[in-house]
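**Q** Sequences are here, hints too, so could you generate the full structure?
Number of protein chains: 2
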Amino acid sequence: MMTYKEMNKEELLEERQNLQKEYDAWKRKGLSLNMARGKPSKAQLDLSNELMDVLDSNSYFNDQTGTDCRNYGVPDGIPEAKALMGEMSEVSPDDMIIFGNSSLNIMFDQISRSYSKGVCGNTPWCKLDNWKFLCPVPGYDRHFKVTEYFGAEMINIPMSPDGPDMDMVEEYVNNDPEVKGIWCVPKYSNPQGYSYSDETVRRFAALTPAAPDFRIYWDNAYSIHHLYDEPENQDVILEILDECRKAGHPDIVYKFISTSKVTFPGSGLAAMAASKKNLDDVRSYMRVQTIGHDKLNQLRHVRYFGNLANMKQHMRRHAEILRPKFEAVWDIFEKNLGGLDVGEWTKPNGGYFVSFDSLNGCAKKIVAMCKEAGVTLTPAGATYPYGKDPDDKNIRIAPSYPPLEELKQAAQIFTVCVRLVSIDKILSEKED
Amino acid sequence: MMTYKEMNKEELLEERQNLQKEYDAWKRKGLSLNMARGKPSKAQLDLSNELMDVLDSNSYFNDQTGTDCRNYGVPDGIPEAKALMGEMSEVSPDDMIIFGNSSLNIMFDQISRSYSKGVCGNTPWCKLDNWKFLCPVPGYDRHFKVTEYFGAEMINIPMSPDGPDMDMVEEYVNNDPEVKGIWCVPKYSNPQGYSYSDETVRRFAALTPAAPDFRIYWDNAYSIHHLYDEPENQDVILEILDECRKAGHPDIVYKFISTSKVTFPGSGLAAMAASKKNLDDVRSYMRVQTIGHDKLNQLRHVRYFGNLANMKQHMRRHAEILRPKFEAVWDIFEKNLGGLDVGEWTKPNGGYFVSFDSLNGCAKKIVAMCKEAGVTLTPAGATYPYGKDPDDKNIRIAPSYPPLEELKQAAQIFTVCVRLVSIDKILSEKED
Numbered sequence: 001m002m003t004y005k006e007m008n009k010e011e012l013l014e015e016r017q018n019l020q021k022e023y024d025a026w027k028r029k030g031l032s033l034n035m036a037r038g039k040p041s042k043a044q045l046d047l048s049n050e051l052m053d054v055l056d057s058n059s060y061f062n063d064q065t066g067t068d069c070r071n072y073g074v075p076d077g078i079p080e081a082k083a084l085m086g087e088m089s090e091v092s093p094d095d096m097i098i099f100g101n102s103s104l105n106i107m108f109d110q111i112s113r114s115y116s117k118g119v120c121g122n123t124p125w126c127k128l129d130n131w132k133f134l135c136p137v138p139g140y141d142r143h144f145k146v147t148e149y150f151g152a153e154m155i156n157i158p159m160s161p162d163g164p165d166m167d168m169v170e171e172y173v174n175n176d177p178e179v180k181g182i183w184c185v186p187k188y189s190n191p192q193g194y195s196y197s198d199e200t201v202r203r204f205a206a207l208t209p210a211a212p213d214f215r216i217y218w219d220n221a222y223s224i225h226h227l228y229d230e231p232e233n234q235d236v237i238l239e240i241l242d243e244c245r246k247a248g249h250p251d252i253v254y255k256f257i258s259t260s261k262v263t264f265p266g267s268g269l270a271a272m273a274a275s276k277k278n279l280d281d282v283r284s285y286m287r288v289q290t291i292g293h294d295k296l297n298q299l300r301h302v303r304y305f306g307n308l309a310n311m312k313q314h315m316r317r318h319a320e321i322l323r324p325k326f327e328a329v330w331d332i333f334e335k336n337l338g339g340l341d342v343g344e345w346t347k348p349n350g351g352y353f354v355s356f357d358s359l360n361g362c363a364k365k366i367v368a369m370c371k372e373a374g375v376t377l378t379p380a381g382a383t384y385p386y387g388k389d390p391d392d393k394n395i396r397i398a399p400s401y402p403p404l405e406e407l408k409q410a411a412q413i414f415t416v417c418v419r420l421v422s423i424d425k426i427l428s429e430k431e432d
Numbered sequence: 433m434m435t436y437k438e439m440n441k442e443e444l445l446e447e448r449q450n451l452q453k454e455y456d457a458w459k460r461k462g463l464s465l466n467m468a469r470g471k472p473s474k475a476q477l478d479l480s481n482e483l484m485d486v487l488d489s490n491s492y493f494n495d496q497t498g499t500d501c502r503n504y505g506v507p508d509g510i511p512e513a514k515a516l517m518g519e520m521s522e523v524s525p526d527d528m529i530i531f532g533n534s535s536l537n538i539m540f541d542q543i544s545r546s547y548s549k550g551v552c553g554n555t556p557w558c559k560l561d562n563w564k565f566l567c568p569v570p571g572y573d574r575h576f577k578v579t580e581y582f583g584a585e586m587i588n589i590p591m592s593p594d595g596p597d598m599d600m601v602e603e604y605v606n607n608d609p610e611v612k613g614i615w616c617v618p619k620y621s622n623p624q625g626y627s628y629s630d631e632t633v634r635r636f637a638a639l640t641p642a643a644p645d646f647r648i649y650w651d652n653a654y655s656i657h658h659l660y661d662e663p664e665n666q667d668v669i670l671e672i673l674d675e676c677r678k679a680g681h682p683d684i685v686y687k688f689i690s691t692s693k694v695t696f697p698g699s700g701l702a703a704m705a706a707s708k709k710n711l712d713d714v715r716s717y718m719r720v721q722t723i724g725h726d727k728l729n730q731l732r733h734v735r736y737f738g739n740l741a742n743m744k745q746h747m748r749r750h751a752e753i754l755r756p757k758f759e760a761v762w763d764i765f766e767k768n769l770g771g772l773d774v775g776e777w778t779k780p781n782g783g784y785f786v787s788f789d790s791l792n793g794c795a796k797k798i799v800a801m802c803k804e805a806g807v808t809l810t811p812a813g814a815t816y817p818y819g820k821d822p823d824d825k826n827i828r829i830a831p832s833y834p835p836l837e838e839l840k841q842a843a844q845i846f847t848v849c850v851r852l853v854s855i856d857k858i859l860s861e862k863e864d
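First to last, the protein sequences are chains A and B. Its first residue numbered 1, the first sequence is counted upward by one per residue in my numbering. Its first residue numbered 433, the second sequence is counted upward by one per residue in my numbering.
Simulated from the structure, these hints should not be mistaken for laboratory data. Hints are supplied without guarantee of correctness; some may be wrong.
Pairwise CB distance ranges (calculated) [to be verified]: (1) B:T555 - A:Y386: 57 to 67 Å; (2) B:E602 - A:D391: 51 to 61 Å; (3) A:K246 - B:T555: 42 to 52 Å; (4) A:D94 - B:E837: 48 to 58 Å; (5) A:K21 - B:R719: 33 to 43 Å; (6) B:D864 - A:D129: 52 to 62 Å; (7) A:R317 - B:D561: 38 to 48 Å; (8) B:A679 - A:N360: 57 to 67 Å; (9) B:D561 - A:P212: 19 to 29 Å; (10) B:S464 - A:P212: 41 to 51 Å; (11) A:D94 - B:L445: 50 to 60 Å; (12) A:Y228 - B:K709: 29 to 39 Å.
For glycine and all other residues, C-beta sits at the position ideal for the given N, C-alpha and C.
**A** See below:
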């Protein structure tokens, strides 16, 4: 089998004609398929329905200290929720604050407060001429939107299967006092599904920031979100708070987790883990912001799971639904794109995404063609700060939401579009 | 009966001796009573327990448009929640955004965003040399803490039974571009329980602010929180969004409501009403901050109440628990302080507080003496910006939380302290 680059013009034009026919046939079906966002499917949501049975009008509504969870108070979370979420996050309950339903909201508020009030007594970023944020790329679009919103200068840091380019990270963080943070999804990264190597984590912990208010924003969104049961197919990363303590830098990291993709995305628990100094800083503004988050939902989650072992068992049921979807995407990609040398894709052991790299300059066109045929993808460029992918090649594939049969159609259409756009690019290069 | 000021030194000393005996006797009991915060009591919380029965594992989880409330999305609230909260707030569903569980959090976020990003495209307050906020006094301590946190210069505006001093408000708002907002609790105000007169509301709506980013922060926390059933004993205020529209100033107000004191303080719904221009401004940052609030809790509230009539019926049951508590406080105050000319207190038709004004310079001492005898009150001064009551006379009484018998003890102890501190003040003045 020849790659497209090895084909001559006539062969490419013939291939193009056949693909165009297939594309037109798909278009005529008037489909509406969505591979844009990392949303759990209905079948996954159904797994947690019994969460709604945990509390009823006859329940005992007090936490383990006797506090009535229906009333005001306990802004940083009930003890048993700290214990459960701490176990999930591999830290002590004392290292935790439990918030509302959204870890994105916690991160936004952290950046917002750092901007308006400063980190642990340091100068608020709004009073600085400039401040910078490191952004491993490709990465999570919603992270980048937050720092864009507050006016950071965002700097691209290339990702590898071991994590961000740590030479660059060290160079920036240890020398430039304008660098205030870095966005990290350390396990099953968004979108590539890479997990940081032990060396990467240790180099993070060993950072000696030029800025006293530099923090690592460690969004451990997929900590227990494996696709496979076998331990050898599950990624493991070092615990960052522990590593930072051991390295003598306990305050340089904020860790974020949530149950958004464990129970219900709209009605889960979100939490933050950090050193006492950092948590006290957070508590000092939380006391002004709110009289407390939803403690009944904390109680509901704690009583539903009981412990981490049950939560992990629950995640196995998610994996049983997600795994066939990922494998269907990979099968179709392999069947339709394998050996053509027109793109590369990742095959992670967990998380919510497959990252696809097309030939340079093709991503926007592929996404547009998919859209025209009824397949919605995350906009090309979204995985880069300011929505600007310098090579216009990265596309994030989110297989979780559509039912399997729809997903297969979407993946098929996607590969047809990749091939058509790639042929056009190669043909135009041959003409040059 | 003589007032204390009419008594001579010997009469006062004798009175003092008797009161000191009673005070010492109370102290020996080692009580622990709390009249500090506007917290609903356990009996009130029990009224809403069936809210926990509304959803179970077999429920239909979609909203009326078919959106699955378990999943991500719908950041500004499901339509039926907008309808219910709109009805509660006397505005159209289109004027509403539904947030999480805390209206204080909405207000904090509004100030935070105005500070860091600006209101509707205006200069962010963090870029200004100075900005001012008008604070009707006595008022709600948590409001003042928010603007203090962000560094506003806060200006006291005296309250009367008709609302804030509107001559002062107009003078400031219409002439000083540094004045960016005013905190209002327009109905059953915190702490006095005053409700703004129609003229006051119309003068608010007619404001012509010097600052284009001036907003009225209209915290309608007690909109349906009456103590009495009879319409003649229920305060009614004009609807502010409507009045502002009629006056041609639709954008000068944000209105806030919540069900914190309708269902559960920790697990209710909070919402904001405003013009489309203002809501679009809010939505532009919400999209960066979160992927949505807890829609299952929205669904739960909508299905529990169905409509405003049921919600009002529910509030009657709250009133049956609260009314005897307010009346007990008033009875004890009247019996022990009536005719002595050592203090004045309010007798509102609703809300959560009684405001007490002692003789000047006595509030801190009264609160401290109460504390020593086991009665916790809101710190003296808390009802003023920066915690500074210029006359040291206002004390906020919160009768809702303690059981009735404990509340009666607390009120009794309070009056003993008021009389002791007042006698000392009068004696010291006689000696001058």
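**Q** Tell me, in ascending order, the numbers of any earlier hints that this structure violates.
**A** Per hint list: 1, 4, 7 and 12 violated.
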